[in-house]
Amino acid sequence: MEKVIEVHNLVKKFGSFVANDHLNFDVFQGEIFGFLGANGAGKTTAMKILCGLSSPTSGQVKVAGFDIYKETEKIKRNIGYMSQKFSLYEDMTIAENIRFFSGIYGISPKNRKEKQDKLLKDLDLESAKDSLIGSLPLGWKQKLAFSVAIFHDPKIVFLDEPTGGVDPITRRKFWDLIYEASDRGITIFVTTHYMDEAEYCNRVSIMNEGRIEALDTPDNLKKQFGAKNMDEVFLKIARNVE
Amino acid sequence: MKQFIGFLRKEFLHIFRDPRTMLIIFLLPIVQLLLFGKVINTDIQNSKIAILDQSHDNTTREITSKLMSSGYFVLGEELMPSDDVEDVFRKGKVKMVVTFGTNFEQTLERDGKVDVQLLADASDPNTARILTNYASGIINDYVKKEKLKNIELPNQINTEVRMLYNEGLKSVYMFVPGIMAMILMLISAMMTSISISKEKELGTMEVLLASPLKPIQIVLGKVTPYLLLSFVNALTIIIIGVFIFGVPIKGSFFLLMAESFLFILMALSLGILISTVAPNQMVAMFISVLALMLPTILLSGFMFPIENMPLPLRIISHAMPPRWFIVIIKNIMLKGTGIMYVWKETLILMFMAFVFIALSIKNFKIRLE
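Listed in order, the protein sequences are those of chains A and B.
Quick note on my numbering: the first sequence kicks off at 14 and runs consecutively.
Quick note on my numbering: the second sequence kicks off at 3 and runs consecutively.
Read the hints as simulated data drawn from the structure, not as lab findings.
Please note that a few of the clues may not be correct.
In silico lysine-lysine, DSSO-like type, Cα no more than 27 Å apart, as pairs [unchecked claim]:
| hint | chain 1 | residue 1 | chain 2 | residue 2 |
| --- | --- | --- | --- | --- |
| 1 | A | K83 | B | K216 |
| 2 | B | K200 | A | K142 |
| 3 | B | K202 | A | K154 |
| 4 | A | K87 | B | K202 |
| 5 | B | K172 | B | K50 |
| 6 | A | K131 | A | K142 |
| 7 | A | K83 | B | K4 |
| 8 | B | K4 | B | K200 |
| 9 | B | K172 | B | K95 |
| 10 | A | K26 | B | K202 |
| 11 | A | K154 | B | K200 |
| 12 | A | K123 | A | K98 |
| 13 | A | K154 | A | K142 |
| 14 | B | K216 | A | K123 |
| 15 | B | K200 | A | K98 |
| 16 | A | K126 | B | K4 |
| 17 | A | K168 | B | K172 |
One chain only, chain A, in its complex shape (with noise of 0.2 Å):
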């Protein structure tokens, strides 16, 4: 399988502080990759290197195939991103959003109108087209922002606590879409707080004090740390490490 985001010996020093302890993980084409950890344990600043919103202090780093310190323009045309505080433009339509961020990956006109029909006919959205965003309920706002966020076709989307603040069935459907874009072959890059959604990615890592210290399928993660469920497996790392 194809490698999207290779990362050999990644640090981020802030000063004398190290959020980021020589990482090492690929990532392959249309998995969901669950990127875990307490607040304040790092996952934050790697995600931000991968999107080259940071650069690191050392190590090498490959996303969609092209290098992190030289490549920063190529990558960012490849990938897609969200953030935890939702990202659309709230006195903005929906068609208005979706205009503007076509607009600055390049879509033609013509392609981001069919494309819009598309999205707006699978969220059920189309009698809201000319609605603001800021009229419409959370679930339905955090949808339309994942699905924005791969308007653009991008080779991976990177999702920052994604669903922050939604009720687990809106979280369900939502997860929904993910499976939908992983099955189109994009791969999935998200962080979360939620146990119940690691369980839904297909391979997990989790991150203490700025080092990785499990890295395997959801399954093989229980197993060898004998849990019932992540939530387990989470906690018996964190008392590891204390």
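Given chain A, work out where chain B should sit, using these hints.
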């Protein structure tokens, strides 16, 4: 380029859909200018005064009519010697009382000297000073022209006063440049800093930075709409100044516009700098108001003359960009001077713009780490 136009379209949508922004951009300049120009008027016109005339002779009547026909005063009340003068002031009906003693004309003719008493309500010290000055001027002028015209005084020195560049001493001449500096500062610096920090607050900035857009494109995209709007504002203020308040543009209109453009650029870079420091909209607004508006009003020489300030404030006022801009516009509009006389101020503004841009770039990079 297409990307950029798309970005601008989005920015204008933000602006046009936010009523507060619209109010600040389109209404505020006009309201401010009309307020300062019409309501907050430090010029004296038709001030109500009272006359206490105990002689009622030709001279006192003539002086009274001179005062009334000057345009500065209107007769609010005629007092009787038995009236309590202080009571008149307390009621607040009049600003000044002119008192002529008994046998005014006879005293003047016999002694060649007589006193008129001017009592002014100095709870408003500026007005009181101006009113008494005007009244003394009118009375002296009358005495010189009417009473002493046949008398040759030896070694006479007359002062001949001409108020250059603002013959009518209209305060609106001072307000138009001041308001222009203030509004451009407000819209350029405050609105850009708020609009950039809003993207940070909402998390959309990260999405933009993770997109193929370069940081410089994002900043330019955020700034350009405000550059255009500020320029429209500068024009509006000048048009109102010229056509409603009759402020002249004696110098080159082109130079005036070019200097305004420079000032706007400077203010925009200051706005970007503020947004790199402020984590959210509230802080951005707070910094803008506290660090920009108040000093602009108080320390730029717009309201209060810099020469009268204590030394520390005078030194601080050098760092106030509007101070230099106001000097430039006054020179161009009122004195009609060219770039030869304002090159120093222009260079200072350029230097400030450069410093703000350099600091912004530096801060922007640090933030990205």
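Given the hint that A:K126 pairs with B:K4, does the C-alpha gap stay at or below 27 Å?
-> holds, 17 Å
Are the Cα atoms of A:K154 and B:K200 separated by 27 Å or less?
-> holds, 18 Å
Quickly compare the C-alpha distance for B:K172 and B:K95 to 27 Å and report which way the hint goes.
-> holds, 25 Å
For the pair we were handed, A:K26 and B:K202, check the Cα-Cα distance against 27 Å.
-> Between A:K26 and B:K202 the Cα gap is close to 23 Å, so the pair holds against 27 Å.
Hint consistency between B:K216 and A:K123 [alpha-carbon to alpha-carbon, up to 27 Å] | holds, 25 Å
Does the structure keep A:K83 and B:K216 at a Cα separation of 27 Å or less?
-> Distance of about 15 Å is within 27 Å: holds.
Quick one, are A:K168 and B:K172 close enough, alpha carbons at most 27 Å?
-> violated, 68 Å
Proposed proximity, A:K142 with A:K131 (alpha carbon, max 27 Å) | holds, 12 Å
Is the Cα-Cα distance between B:K172 and B:K50 27 Å or less?
-> The hint holds at about 20 Å.
Does B:K4 pair with B:K200 here, judged by a C-alpha cut-off of 27 Å?
-> Roughly 24 Å separates the two Cα atoms, so the pair holds.
Given the hint that B:K200 pairs with A:K142, test it: the Cα-Cα distance must not exceed 27 Å.
-> holds, 24 Å
Going straight from one Cα to the other, do B:K202 and A:K154 come out at no more than 27 Å?
-> holds, 18 Å
Violated hints, listed in ascending order, are 12, 17; each of the other numbered hints is respected by the structure.
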